[in-house]
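Asks: Here's the letter readout for the chains.
There are 2 protein chains.
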Amino acid sequence: MSKQKPSLPKGTRDFGPAEMGKRHFILETIKKVYQKYGYAPIETPSMENLSVLQGKYGDEGDQLLFKILNSGDFLSKTDQEDISSSRNLLPKISEKGLRYDLTVPFARFVVMHQHELNFPFKRYQIQPVWRADRPQKGRYREFYQCDADAIGTDSLLCEAEIVLMIHEVFEKLQAKQPNSLDYAIKINNRKVLSGIVEVIGASGKETDFAVAIDKLDKIGQEKVKEELIDRGFPTESLQKIDPLFSLSGDNRQQLNHLKTFLSTSEIGLKGVAELEEVLTILEGFGAEVPQLEIDVTLARGLSYYTGAIFEVKPKNVEMGSISGGGRYDGLTDNFGLPNVSGVGISFGVDRIYDVLEELNLFPESNQETTQVLIVAFDEETWKYSLKALNALRVQGIKSELYPEPVKLKKQMKYGNDKNIPYVIVIGSEEMKSGKLTFKNMQEGSQSNVELPEIIKQLTNSSVN
Amino acid sequence: MSKQKPSLPKGTRDFGPAEMGKRHFILETIKKVYQKYGYAPIETPSMENLSVLQGKYGDEGDQLLFKILNSGDFLSKTDQEDISSSRNLLPKISEKGLRYDLTVPFARFVVMHQHELNFPFKRYQIQPVWRADRPQKGRYREFYQCDADAIGTDSLLCEAEIVLMIHEVFEKLQAKQPNSLDYAIKINNRKVLSGIVEVIGASGKETDFAVAIDKLDKIGQEKVKEELIDRGFPTESLQKIDPLFSLSGDNRQQLNHLKTFLSTSEIGLKGVAELEEVLTILEGFGAEVPQLEIDVTLARGLSYYTGAIFEVKPKNVEMGSISGGGRYDGLTDNFGLPNVSGVGISFGVDRIYDVLEELNLFPESNQETTQVLIVAFDEETWKYSLKALNALRVQGIKSELYPEPVKLKKQMKYGNDKNIPYVIVIGSEEMKSGKLTFKNMQEGSQSNVELPEIIKQLTNSSVN
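So the sequence lines, in the order shown, correspond to chains E and U. The first sequence runs 1 to 464 under the working numbering. The second sequence runs 1 to 464 under the working numbering.
Since the hints were derived computationally from the structure, they do not count as laboratory data. All of these numbers come straight from a predicted model, not from anything done at the bench. Be a bit skeptical, because a hint or two may be false.
So the derived label-pair ranges between C-beta atoms look like this [stated by the list, open to error]:
hint, chain 1, residue 1, chain 2, residue 2, range
1, U, S447, E, T280, 27 to 35 Å
2, U, Q395, E, T459, 19 to 27 Å
3, U, G72, E, T459, 34 to 42 Å
4, E, E28, U, E171, 19 to 27 Å
5, E, E95, U, S84, 21 to 29 Å
6, U, R252, E, E404, 23 to 31 Å
7, E, K172, U, E171, 43 to 51 Å
8, E, K32, U, E288, 29 to 37 Å
9, U, D59, E, I219, 55 to 63 Å
10, E, E95, U, D14, 14 to 22 Å
11, E, I219, U, V406, 42 to 50 Å
From the structure, some residues in chain E lie toward chain U, with a derived Cβ separation under 8 Å [to be verified]:
hint, residue
12, S86
13, A132
14, N390
Just so it is clear, CB atoms sit at the ideal spot from N, CA and C, and this is done for glycine as well.
Bound-form chain E, shown alone:
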């Protein structure tokens, strides 16, 4: 075949070692927190039957599914009418698609494994998803989702623990001081939104209200009101909502104001009671989460939420929400298993990456990288180095010997390019005396020490 200049499909990315180190830092942090709270990992296949995926994400979502062509002579079972249009042909030549999110595959998983699962079932799932979206800055056709859901229980402990998990993840991600990420963990409840709609006399228009109020951050209060009028809300109803834009006081005080506002709405008061209970459970933990903010204007677009909703918003970086979730009913309704309530959270890995990069919050050292490089002068010292290399590795120290005794400069460049923090130089002097030249590349210092002492220093400084 002819030589070709290779390229990547639009909207997809390669990750080299440096990016991988940073991505793992984020993913491992989230994974450890999920595990600490009792969430267990699952994985589902990249492909699902189109019957599982289609009709779950709206018409636009169906368009964005990547479809897989049937194998072999895919046209063999088609007739003249099938090939008359893409719409007719599609179901005849494609039965599978790539997953679009982790929620629908999870619902399918729960239904298929319902008799093996242990309810309440708390699972996390960290896998890529694919969307045939128009690629643009920060939007890719393949990206990781990072979800945790607890299903089969109504307990508000789950909501409280989601707040704690979010808090713990972002505290761990910015362990490196003095930079820091200022962020809000916003919480609301869909029942509060329903109550507001009821109180202002617009019952039945919950979704319109949610869609409009969701834009508050972007378009401001006046434009939201205009949109509500366009959506058929009477002008007088909108005056009633004004107090909601300026609820004063701490979370408890805001909830008290809200109770007065919603005093005639049963569902609204239920929503407030749920929010209060979440605060009570958090107090029970004795854990401080100063970032937690009740926000009655938080709506989240998705229609399937029925209780608590969450969103994390950076305050000192220009960036949309970096994490979000909420409680839903009927996760598995589509697959014939009704009444499965759950609550979930999802971290936006790509956005978190960009935020940490902008604030320079990634750790200096990549924990996955070689810790020490051995550099040898010639054939003889190179062979001598093998034993030192072995001794380092036996102690679990990530180490390399440059594969050939080429010019020192070339070997040092290799270590430098790879960001290896320590170098051991072995020449004939070192071989004779047993005292090796040990360089700390970050500090630019060096000493002559025997191998056991080097191992001791590396083991102490090790981040393993």
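Chain E is already provided as a structure; the job is to place chain U on it using the hints.
Replies: This is chain U only, laid out in the frame that chain E set:
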């Protein structure tokens, strides 16, 4: 939409928490060993342009590629001739495919990033691949590959280190005694095979020889000879190879016999010299690898190997090779970058899983699972439990409180089904005295101790 009974595409699998724990045990073990030897992680997209994938795996491989349908009105740019056959239509409606292995995407990666990379470049890559193969026992349409390759150096240090990595991986995978996996790390060199073919007077038939001798394990010596005759090897040439089936002595002695056998073949002797050098480097390390076996009948089917070849074969379980690799030239020739030599190894995760399962070698405890479950009698003790839960988690102990104070039996069943090794029971007595009931579910023992003592015990027993 109508309710539907969901299903999985043929040849794909869900992994629940128990399987995930075992799979992570394997993958993390391999990953840590790769890192210890200086291999750095990369990831490439699941989709590649078909121009990158096609023509690299032979005609059969091209058939087995999963192709992705172009988005939108995919037929819009086709004409009557295009839709006359699948073969004509395919290139018009599909431009992307799912990766078939990690080697071709790696070659593409190297070429596209050649100016940023640091040679010799040692990368590992652990990602799923997809093949539209007929599913059968142990063969899936989506499975993980787990590769490490060192490119841009001819140094036989890489070969020696691959032997050490294989050895370390399998020793770590069977840390649990007394069961053990008996296995051979077989090594040969393609140049030795070329030498043999030359010596028996069949130059030019290297590939035929490799394909036939590769079946020795399965069909035996006589059938291999028959196949060689079918492939046009003269009968007298086959008598000459007899000594090769019974080389005696240890690895060094076998290589000495081989040197005599190959004394008239320059390339054959080069192959022997390379094998000797690998042994010499391993001796230089001072590391013992008793499983290493020179095997001149090891051929490996793939045609692109040019130097060392490796294969790991279990001896006390019925199973094909569980790991393999070798040295190749011209990895990136297809993409216009010639003369890139490298050597790589790949672990067969699914087969290793089956082997460890059969020998009961997986660790008893799943390191990713909740370590302690708190069980409360009623509303009041449940609220009291939150502080204990927080204290456990602050110490990094994976812990859960059952989300509601339901019947004790139900809570205990949850812990049991989830294999949680410790349970703390909190009733009104415990609340008053501060001495909690602490159960070790594996030993069936229990004690009444205060929380700090429980934390101490859990931290000591912790495998974190």
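Asks: Is it true that the C-beta distance of U/Q395 to E/T459 lies inside 19 to 27 Å, as the hint says?
Replies: At roughly 24 Å between Cβ atoms, E/T459 and U/Q395 fall inside 19 to 27 Å, so the hint holds.
Asks: Quick check on a hinted range of 27 to 35 Å for U/S447 and E/T280, using CB atoms only.
Replies: The hinted range 27 to 35 Å holds for U/S447 and E/T280, with Cβ atoms some 32 Å apart.
Asks: Just to be sure I understand the hint, the distance between the Cβ atoms of E/K32 and U/E288 should be within 29 to 37 Å; is that true here?
Replies: About 36 Å separates the Cβ atoms of E/K32 and U/E288, which means 29 to 37 Å holds.
Asks: Given a hint of 55 to 63 Å, does the C-beta separation of U/D59 and E/I219 actually sit inside it?
Replies: holds, 57 Å
Asks: Could one say that the CB atoms of E/K172 and U/E171 fall in the range 43 to 51 Å?
Replies: Check failed, 33 Å falls outside 43 to 51 Å.
Asks: Is the gap between the beta carbons of U/G72 and E/T459 within 34 to 42 Å?
Replies: violated, 57 Å
Asks: Starting from the hint 42 to 50 Å, judge whether the C-beta atoms of E/I219 and U/V406 obey it.
Replies: holds, 46 Å
Asks: For E/E28 and U/E171, compare the CB-CB distance with the range 19 to 27 Å and indicate the outcome.
Replies: Holds - the Cβ-Cβ distance for E/E28 and U/E171, about 25 Å, lies within 19 to 27 Å.
Asks: Min Cβ distance, E/A132 to chain U: is it shorter than 8 Å?
Replies: holds, 4 Å
Asks: Regarding U/R252 and E/E404, is the given constraint of 23 to 31 Å on their beta-carbon distance met?
Replies: Given range 23 to 31 Å: holds, Cβ gap about 24 Å.
Asks: Tell me if E/N390 is really an interface residue toward chain U, meaning its C-beta lies closer than 8 Å to one of theirs.
Replies: holds, 4 Å
Asks: Kindly confirm whether 14 to 22 Å is satisfied by the beta carbon distance between E/E95 and U/D14.
Replies: holds, 18 Å
Hints 3 and 7 from the earlier list are contradicted by this structure; the remaining hints agree with it.
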